[in-house]
Amino acid sequence: MVDLTSDERAFLEGTHGEAGALAMRVVAAAASLLGADRLVEIGSAHIDGCLYHGDGGVAFAERLVAGGGRVAVPTTLNVGALDLLHPGRVRADAHRAAMARRQMEAYLALGCSPTWTCAPYQAGHRPGFGEQVAWGESNAIAFANSVLGARTERYGDFLDACCAITGRAPLYGLHREENRRATVLVDVAGVPEELKGRDVFYPVLGTWLGLEVGTEVSAIVGLPATTTEDQLKALGAAAASSGAVALFHVVGVTPEAPTLDAATGGADPDRVVRLEADMLRTSLDRLSTATAPDRVDAVAVGSPHFSREEFAELARLLAGRRLAVPFYACTGRGVVAELEADGTLALLTAAGVEIVADTCVVVTPILPAAGGVLMTCSGKFAHYGPSNTGYDVVYGSLEDCVASAMAGRVVRDEEVWQW
Amino acid sequence: MVSGPSAPESGGNDRRAGAPAAVDLAKARVLVGGSGRGPLLRLRAPISFWGGVDPVSGRIADPRHPDYGAAIGGTVLVVPAAVGSSSSSAIMLELIREGTAPAAVLMGRADAILALGVVVARELGHSGPPVLELPAPAIDALPDGVLQVLEDGTLRRVG
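Which chain is which? The protein sequence lines are A and B, in order.
Just so it is clear: in the first sequence, position 258 is 258 by this note's numbering, and no numbers are missing.
So the number in this note's numbering is just where the residue sits in the second sequence, counting from 1, plus 1000.
There are no misleading hints in this set.
Partial list, derived from the structure: chain B residues whose beta carbon lies under 10 Å from chain A:
#, residue
1, 1083
2, 1088
3, 1092
4, 1111
5, 1113
6, 1117
7, 1131
The following residues of chain B were derived to be distant from chain A, with all beta-carbon distances above 10 Å:
#, residue
8, 1045
9, 1071
10, 1136
11, 1140
Honestly, the hints are just simulated from the structure, not real lab data.
C-beta atoms are modelled at their ideal positions from N, C-alpha and C, and glycine is treated no differently.
All chains, full assembly: derive it from the sequences and hints.
Following this line, the structure appears as structure tokens:
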């Protein structure tokens, strides 16, 4: 049985309107299903349920609006199925486009912020260390837990919105201190320092980590103290795609792991895994599915959504040259505004970069329908690209992506992988 | 279920003329209550409903799944384990709305994601299937045939 406080029971009794009652019924049902005996107050929410999967999702959101629903905590929105800044970017029939828009608008009517990004943590939504939150979107969950030290479980459609409206989440799993300790020690000290300094390493490490540890919490030792936020973002996104990773610690880098002892709570890990060259090579190869990868038909970057820093690097690599194949860069509208203000946007579009805002190329039809070979530097795009877009994928660094898009054929620096 | 929304469907008559005698097979843990009846369909691998089931046709849509092409509508669906996206709740809701949902879902391991899809469907006025947990080895021992799922979690073979 779930033990509800009087405030929580008041929701059920309709004190916060019909939507509040509905939301609390769903949160309480989830708590029961998950074995939680009570709820926890949350400081913020990030909602993934605004992406259109069918008319039911629209009916649910509009029911909450009709019932007077309002989010009780600051709440950001993940991607929708439309690029609202660039009408026509997404190929959708009239019904799908209208319903996708209604679904997005319903979440705004609930009081959510129109961030439309899978990287809310780079759009000003950064919960504090130890803060209880309810976040959806696997990469954002991994980032909030691991890089920020906030506490969330994996929330998805419906439950994310109900947590936001009630300001409560089931108290279980990673909300609880004892479940956040690392049980697997991952030693990457053997990886060449040169490789660990490169962005291209992190999605491959993440892919391997997700397959190796699944839902277990890991403590990674041997990464440099200079590991950047964007590298950790790429690591978590890949790990949350290949496995159900929602929390990892990087000793000396992430906030719950100043030391190995802090990460494990002083206990011996259940097992120790050393990353070897052949394991990394297997993960690297897994990220490419194209069988004759000499041709490149399109390039996509920005999963998770590109940060301003990643765009600055892209602009530097382009160096005023013109791309030969379609090049899609997905990001949030907050970053688009910053790029516009500092002049980077004009440089990117002059080179032929197509900016995708509010959504991305693997959740909605954007890529040319003809299909072919898609090159990406995103581990998540490499993972979902084949099933969601029909394209074969080739994985490479951002440098490789730009060089390939200039040449119209795959150009990859293989040397960096020598180990 | 605590205060969960539960609007069980009517149970129906277990015995019909000429049908074999009903046999109680097991008692499962009720995750979302209700009753349902249909032929047993055992999935041979874990599945993510998002990307794995087409909500309009109710068929397994992942070509890499061993049951690719099988129709889950109206079955007592045995799911050894659910994996993958939390958007599977949304796919369960779509299946229920389209009339292509299973008559009951039996899971080897309790999973909140599929169950929440049913909870929300019922909130929206649809009658969703019961969801139950029956761990191995009991779930693997269920025989083929027509199964009736009762309100209290009893699994009864009726044909």
